[in-house]
Amino acid sequence: MCEKTFVMNAKKILNWNEVSDNKERAMVLDIIETGLEAANPYSSVYNMLSTLSKEFDKFRKIVVIGFGKAGYRMALACEAILGERIFDGAIIVPKGSVKLSELKKIKVLEGTHPVPTEANVNSARTLLEISRGLTSDDLVICLISGGGSALFTYPAEGISLEDKQEMTRLLLAAGSTIQEINCIRKHISGVKGGQLARHVYPANLVSLILSDVVGDDLSSIASGPTSPDPYTFKDVYELFEKYHLVERVPKNIMKRVLDGLNGKIQDTPKPGDKIFERVKNIIVANNIGALKAMEEKAKSYGLNTMILTSYLEGEAREVGRVIASIAKQLVNQKGPILPPCAIFFGGETTVTLKGNGRGGRNQEMALSVAIAIKGLKNTIFASIGSDGIDGNSDAAGAIVDGQTIEKALQKNLSPTKYLENNDSNTFLKQLNSLIYTGPTGTNVNDFSLLIVY
Numbered sequence: 109m110c111e112k113t114f115v116m117n118a119k120k121i122l123n124w125n126e127v128s129d130n131k132e133r134a135m136v137l138d139i140i141e142t143g144l145e146a147a148n149p150y151s152s153v154y155n156m157l158s159t160l161s162k163e164f165d166k167f168r169k170i171v172v173i174g175f176g177k178a179g180y181r182m183a184l185a186c187e188a189i190l191g192e193r194i195f196d197g198a199i200i201v202p203k204g205s206v207k208l209s210e211l212k213k214i215k216v217l218e219g220t221h222p223v224p225t226e227a228n229v230n231s232a233r234t235l236l237e238i239s240r241g242l243t244s245d246d247l248v249i250c251l252i253s254g255g256g257s258a259l260f261t262y263p264a265e266g267i268s269l270e271d272k273q274e275m276t277r278l279l280l281a282a283g284s285t286i287q288e289i290n291c292i293r294k295h296i297s298g299v300k301g302g303q304l305a306r307h308v309y310p311a312n313l314v315s316l317i318l319s320d321v322v323g324d325d326l327s328s329i330a331s332g333p334t335s336p337d338p339y340t341f342k343d344v345y346e347l348f349e350k351y352h353l354v355e356r357v358p359k360n361i362m363k364r365v366l367d368g369l370n371g372k373i374q375d376t377p378k379p380g381d382k383i384f385e386r387v388k389n390i391i392v393a394n395n396i397g398a399l400k401a402m403e404e405k406a407k408s409y410g411l412n413t414m415i416l417t418s419y420l421e422g423e424a425r426e427v428g429r430v431i432a433s434i435a436k437q438l439v440n441q442k443g444p445i446l447p448p449c450a451i452f453f454g455g456e457t458t459v460t461l462k463g464n465g466r467g468g469r470n471q472e473m474a475l476s477v478a479i480a481i482k483g484l485k486n487t488i489f490a491s492i493g494s495d496g497i498d499g500n501s502d503a504a505g506a507i508v509d510g511q512t513i514e515k516a517l518q519k520n521l522s523p524t525k526y527l528e529n530n531d532s533n534t535f536l537k538q539l540n541s542l543i544y545t546g547p548t549g550t551n552v553n554d555f556s557l558l559i560v561y
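Adding 108 to a residue's 1-based position in the sequence shown gives its number in my numbering.
Among the hints, erroneous ones may be present.
Ranges between beta-carbon positions, derived for each pair [stated by the list, open to error]:
1) E346 with Q374: 27 to 37 Å
2) P379 with E265: 45 to 55 Å
3) L208 with H352: 31 to 41 Å
4) P379 with T159: 25 to 35 Å
5) G463 with K203: 23 to 33 Å
6) G463 with N440: 49 to 59 Å
7) E346 with E274: 14 to 24 Å
8) H352 with K407: 22 to 32 Å
9) T276 with S205: 22 to 32 Å
10) T276 with N123: 12 to 22 Å
11) G410 with Q374: 57 to 67 Å
12) D129 with P379: 45 to 55 Å
13) S268 with D129: 47 to 57 Å
14) L236 with I286: 17 to 27 Å
As a list, the in silico DSS-like pairs of lysine-lysine whose alpha-carbon atoms are at most 25 Å apart [to be verified]:
15) K213 with K169
16) K372 with K388
17) K131 with K515
18) K525 with K515
19) K442 with K382
20) K372 with K462
21) K388 with K378
Just so you know, the hints here were simulated from the structure itself, not pulled from any lab data.
The structure displayed is predicted, hence computed values, not measured ones.
For glycine and all other residues, C-beta sits at the position ideal for the given N, C-alpha and C.
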């Protein structure tokens, strides 16, 4: 298996030598590398298609479409397995992310991210055109990864991008949740919430999905274009009532919602709809898969292991304090497992900004852990974003231990002041505790691991 352009360096962590100043830290970095490799979009799709491709012989045409940050590498794997069997194809990737395409059958289109523009709509239109008019003898392979919701933007008839942006602004200002916003987005889109599956029908559809959603909810990944949508126009209207927005949302959006309530237009396809009889949604890489690979690597070092959760959420600094409390329990040999050991966490925390510093959720969590484990021996904590970008910094994350804060105090650095200013990057940089990978080309949320030896 050769990935052509994306032959990776021997090590994905670019500053390995600078931060692996002892064998235990080197071990932690090696375990992280294993997690990143397990989330490799190319190998994940390649391996899955290797097992599925024989089933595809019965199809007359194979069309490949896709959208997301990992779309190019996923498409390379498609061409490596299917080659000339691909009839047509196109993917949407972030503008400027692919300098020179090596794809032969699949076109590379661009869109903006995270804020969609007309370029996204035009690219989405092309995907819809090449997947239109197919029959039950044909197959559409859809490649979905993080960023797909913004890149694959195609408003429903009568709705403009400006309408969508204004609605999102109103909902955020009103304090609505991301789940509520997604419920509404699906009903003003022409492709989200299972509507791409409806468009492709009666062709067969196989979606290969790189999950960037905690818990792998198919209806949430890229807003679920090939998955059933359990919500209705009635739910949308009730959300507008809940947040007192009935008179404030753009008129075009309210007209569509009322038309849906009155049965003048189709709702999004629901569970049990016949179109999903021809749909397979397959997650090819996710957070728990990467954590399991990391766990196996840790076992090879002779560590006792436990994956505590792949659903880690909450305020980063608060989660950090909880992880530090687990570290103290492990050091005192009071369970849940005995040293030498590794405990793994996956998911995605959040940061409530109060300062104006540089950092991200992984660095802030690492700083919080470092403060709470000050002086604790034989303890290392590391956390990174699997996409290689943490917050507004150029670091992927950080690695700290029980001596990190003592070193900071020797430099007259105040860890709590940096934490309060959300300036974890500046603090950790001065202690050589940052982890750099550059953009990894994948995204399966964050990896965190606690080592006590």
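Against the structure, the hints:
Between E346 and Q374, the C-beta spacing of about 19 Å breaks the proposed range 27 to 37 Å. Between P379 and E265, the C-beta spacing of about 25 Å breaks the proposed range 45 to 55 Å. Against the hinted window of 31 to 41 Å, the Cβ-Cβ separation of L208 and H352 comes to about 51 Å, which falls outside the hint. With their beta carbons about 27 Å apart, P379 and T159 fall inside the hinted range of 25 to 35 Å.
Checked against the hint of 23 to 33 Å, the pair G463 and K203 passes, with Cβ atoms roughly 31 Å apart. Here the CB-CB span from G463 to N440 is close to 34 Å, at odds with the stated 49 to 59 Å. Separation of E346 from E274 is about 20 Å and conforms to the stated range, judged on CB atoms against 14 to 24 Å. Between H352 and K407 the beta carbon distance is about 54 Å. The supplied range of 22 to 32 Å is therefore violated.
Checked against the hint of 22 to 32 Å, the C-beta distance between T276 and S205 comes to roughly 24 Å, which is consistent with it. Checked against the hint of 12 to 22 Å, the C-beta distance between T276 and N123 comes to roughly 37 Å, which is inconsistent with it. The hint said 57 to 67 Å for the Cβ distance between G410 and Q374, and at roughly 58 Å that hint holds. For D129 and P379, the hinted distance range of 45 to 55 Å is satisfied, since their beta carbons lie about 53 Å from each other.
Between S268 and D129, the C-beta spacing of about 55 Å keeps the proposed range 47 to 57 Å intact. Between L236 and I286 the beta carbon distance is about 26 Å. The supplied range of 17 to 27 Å therefore holds. With a C-alpha separation of about 13 Å, the suggested pairing of K213 with K169 holds against the 25 Å cut-off. For the proposed pair K372 and K388, the alpha carbon gap of about 30 Å is over 25 Å, so the pair is violated.
Restraint check for K131 and K515: the C-alpha separation of about 19 Å stays at or below 25 Å, so the hint holds. Distance restraint check for K525 and K515: the Cα-Cα separation of roughly 16 Å lies within the 25 Å cut-off, and the hinted pair is therefore satisfied. For the given pair, K442 sits about 54 Å from K382 by alpha-carbon distance, which is inconsistent with the 25 Å threshold. Among the hinted pairs, K372 with K462 is inconsistent with the structure: their alpha-carbon atoms are about 47 Å apart, more than 25 Å.
Among the hinted pairs, K388 with K378 is consistent with the structure: their alpha-carbon atoms are about 15 Å apart, no more than 25 Å.
Hint compliance for this structure: hints 1, 2, 3, 6, 8, 10, 16, 19 and 20 are not met, and every other hint is.
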